[in-house]
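Asks: Each protein sequence line maps, in turn, to chains G and C. Okay, so the first sequence: first residue is 1 according to our numbering, each after it adds one. Okay, so the second sequence: first residue is 1001 according to our numbering, each after it adds one.
Everything labelled a hint here was simulated from the structure, so no lab data went into it. Quick reminder that beta carbons are idealized off the backbone N, C-alpha and C, glycines included. There's no promise every hint is true.
Facing chain G, a subset of chain C residues (Cβ under 7 Å, in silico) [said to hold, decoys possible]:
hint	residue
1	A1072
2	L1074
3	S1076
4	V1079
5	S1173
6	S1175
7	P1177
8	N1181
Listed next, the in silico DSSO-like pairs over lysine-lysine satisfying Cα-Cα at most 30 Å (straight line) [to be verified]:
hint	chain 1	residue 1	chain 2	residue 2
9	C	K1153	C	K1238
10	C	K1225	C	K1238
11	C	K1146	C	K1123
12	C	K1123	C	K1238
13	G	K11	C	K1084
14	G	K97	C	K1146
Computed from the model, here is a short list of chain C residues facing chain G with C-beta under 8 Å [claimed, not checked]:
hint	residue
15	F1073
16	Q1080
17	I1174
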Amino acid sequence: MTIFGLWVINKAGGLVYQRNFGDGLPGLTSNEYLVLAGTLHGIHAITSRLSPTGSSSGAHVIEGESFKMTIFLTATGTKFVLLTTPVEPTAEAVLQKVYEVYADAVMKNPFHTPEMPIRSEAFDTRIAALIK
Amino acid sequence: MSAHPRFSVLSASSLASLDHLSPAASSTRFSLPSAPSINTTLAAPKPGVRPNIYDRNINKTRTAEVSASAFAFLFSEVVQYTQKRVSGIADFERRLNTLGYRVGVRVLELMSWRNESSSKTPKREIHFLPELRSIHTQVWRAVFGKPADAIEKSMENPDEYMVIDNDPPITRSISVPRDMNQLSCSSFTAGVVEAVLDGLGFPARVTAHNTPTDAYPNRTTILIKLEKSVLEREEAFKT
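Just need the whole structure built from these sequences, with the hints factored in.
Replies: If you want it as structure tokens, here you go:
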């Protein structure tokens, strides 16, 4: 029931926001995070084409023994990824809220360039308030 | 029109870049639907069709609300547009002020019009303090849907007054990067206030300043610096 981290991946597969909560995750360099996000983007692209019945929304959840990755894909191709413990029933609801905060604090901010890393104090504080 | 800088948002330098916007060139790049002709108001509106903006009653404010999100995106574009055309923060704020001024002129006119039709004894305010109070409540309510949070008078300068908003709706979604932290996008609001004061005969210089507190990180002060003539007139009223 813990949230470890949040990633925001733009539609080209670039990591535009990454934040750890608590100290459940091993410390990685920002370059390693970029590689991981790019890889996840690729995996997602593969999963979205593997569907026996027409179109597919791609991977929603990737689960491991000690953690779970919940992926939320928006209509514009931005992906929100939440890293949690395997039992985290609120993950999807949290991602929905994150999307809302993203729309409010990032997309409406004139000083944000789309597809570029998110540097917005308002986004930081609102995410911190959302995920404690 | 060109004599008064306020009514010309475009400086001489940006006018030059307007060439590519000439109708011939623009038709391929922008497909703007032709504006509805005023004459369409003469035709009876079709049942079930929402009346177009010219047919709506100008005095009905209850249903005339606009989406805050839509406005946030529009204002975001306004700020980006402005940012591309300025050098430095003072210039940035001056331009936002100029744009706000154009809104304020209309706000004042619309409010006077509405007052006139709703009140039996409409009046034009000639004293500064009641007008400041009406800006704090009436103008704020007309523009933002809520009154401002405080009015203050400067201790040091007798010609300075402040209207304070703890969380200005138009800058709620804006977070200014650190290297521009002097910038207050509420300069737009300052322009609105300046136009209202100007229109009522209280010429003033109005600016916006960030004055965050722990409880209100977006707190903004609209600083009104009155011209000498206004203070002199206020003195004359007293005698």
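Asks: Now, for every hint given, state plainly whether the structure supports it.
Replies: Status of each hint after checking the structure:
no. : hint                : result
1   : A1072               : holds (4 Å)
2   : L1074               : violated (10 Å)
3   : S1076               : holds (4 Å)
4   : V1079               : holds (4 Å)
5   : S1173               : holds (4 Å)
6   : S1175               : holds (4 Å)
7   : P1177               : holds (5 Å)
8   : N1181               : violated (10 Å)
9   : C/K1153 <-> C/K1238 : holds (19 Å)
10  : C/K1225 <-> C/K1238 : holds (21 Å)
11  : C/K1146 <-> C/K1123 : holds (23 Å)
12  : C/K1123 <-> C/K1238 : holds (20 Å)
13  : G/K11 <-> C/K1084   : holds (26 Å)
14  : G/K97 <-> C/K1146   : holds (27 Å)
15  : F1073               : holds (6 Å)
16  : Q1080               : holds (5 Å)
17  : I1174               : holds (6 Å)
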